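Asks: Sequence:
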Amino acid sequence: MTQALKKSFWEMLARARVLRPERLQQVRESFGELEGLAAARQVVASGALTKFQAEEIINGRWRKLRGGDFILRDILGFGGMGTAYVAIDEKTRQTVAIKLLGEQHKHEAGMRARFQLEGRAGMELSHPNVVRTLELGTITELYGETDFMVMELFPGVTLLEGIQFSSGPLKLDAACDVIAQAASGLNYLHKLGMVHRDVKPDNILINSDGEVKLLDFGLTLADKSSQDDEFSLAMI
3 MTQALKKSFW EMLARARVLR PERLQQVRES FGELEGLAAA RQVVASGALT KFQAEEIING
63 RWRKLRGGDF ILRDILGFGG MGTAYVAIDE KTRQTVAIKL LGEQHKHEAG MRARFQLEGR
123 AGMELSHPNV VRTLELGTIT ELYGETDFMV MELFPGVTLL EGIQFSSGPL KLDAACDVIA
183 QAASGLNYLH KLGMVHRDVK PDNILINSDG EVKLLDFGLT LADKSSQDDE FSLAMI
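Residue numbers for the sequence shown follow the numbering used here, beginning at 3 and rising by one.
No incorrect hints appear here.
Label pairs and their in silico Cβ distance ranges: (1) Glu57 / Ala182: 37 to 43 Å; (2) Asp76 / Ser10: 22 to 28 Å; (3) Ile165 / Ser10: 44 to 50 Å; (4) Glu126 / Leu162: 24 to 30 Å; (5) Pro157 / Ser186: 19 to 25 Å; (6) Ser168 / Leu78: 17 to 23 Å; (7) Ala177 / Glu13: 50 to 56 Å; (8) Ala47 / Glu105: 27 to 33 Å.
Below 27 Å or equal to it, Euclidean Cα-Cα: the simulated DSS-like pairs (lysine-lysine) are: (9) Lys173 / Lys202; (10) Lys108 / Lys93; (11) Lys9 / Lys53.
By construction, these hints were calculated from the structure, which means they are not laboratory data.
As the structure is a computational prediction, the values presented were derived from the model and not from experiment.
We treat Cβ as the ideally placed atom computed from N, Cα and C, and that holds for glycine.
Based on the sequences and whatever the hints tell you, model everything.
Replies: Structure (structure tokens):
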């Protein structure tokens with residue numbers, strides 16, 4: 003972790019509002035004699051903060067750890083439209099995935115329309131091989147008005163990662179099972195008049211039980227008769 007502290011670590015941790023008051027008091031009682039990196043490392047070791055959260059606080063970016071009812075805990079990945087995080091939904095105390103439209107796109111009507119189209123399409127879907135979208139909205143705390151969508155957090159790796167980190171190609175039966183599950187999800191989309199349009203190993207998740215889910219509907223189209231104008235705007 004790098005260090006760019008102008009204020010006390012404990013002051014910034016309190017302002018970040020990522021810990022409940024009783025938990026904040028507990029870690030401060032345990033490690034309050036420490037400051038800066040030393041304090042951050044101990045709080046991370048205790049499990050109260052993630053390394054990502056501690057780095058953001060140490061570097062003075064504590065304001066970016068909370069948006070609306072969501073506490074950001076880690077980065078899931080980056081994409082052309084924005085960044086996905088692991089987050090805690092304070093309303094439900096569930097761990098979820100939240101995708102935020104990138105700050106560079108917040109004034110672009112086309113990108114906002116495309117992002118919202120993806121979110122609305124995702125909220126219509128319910129299939130065991132498709133990542134569920136739970137909520138769509140805007141928050142203002144991070145960098146002005148920002149579009150977000152909340153999705154189920156599916157603990158797994160992408161098909162691409164699975165192939166790259168394995169000792170060799172997937173076994174035939176495993177490969178057939180992945181294809182069958184992905185095809186089941188795509189068939190469900192097609193029956194609803196939707197086309198994923200970005201099916202690739204990066205957008206297929208697999209967990210340790212072999213369950214497969216499709217994700218990233220940035221280019222999903224609903225039926226042309228109802229969405230043609232909106233998708234044209236999204237392509238500007």
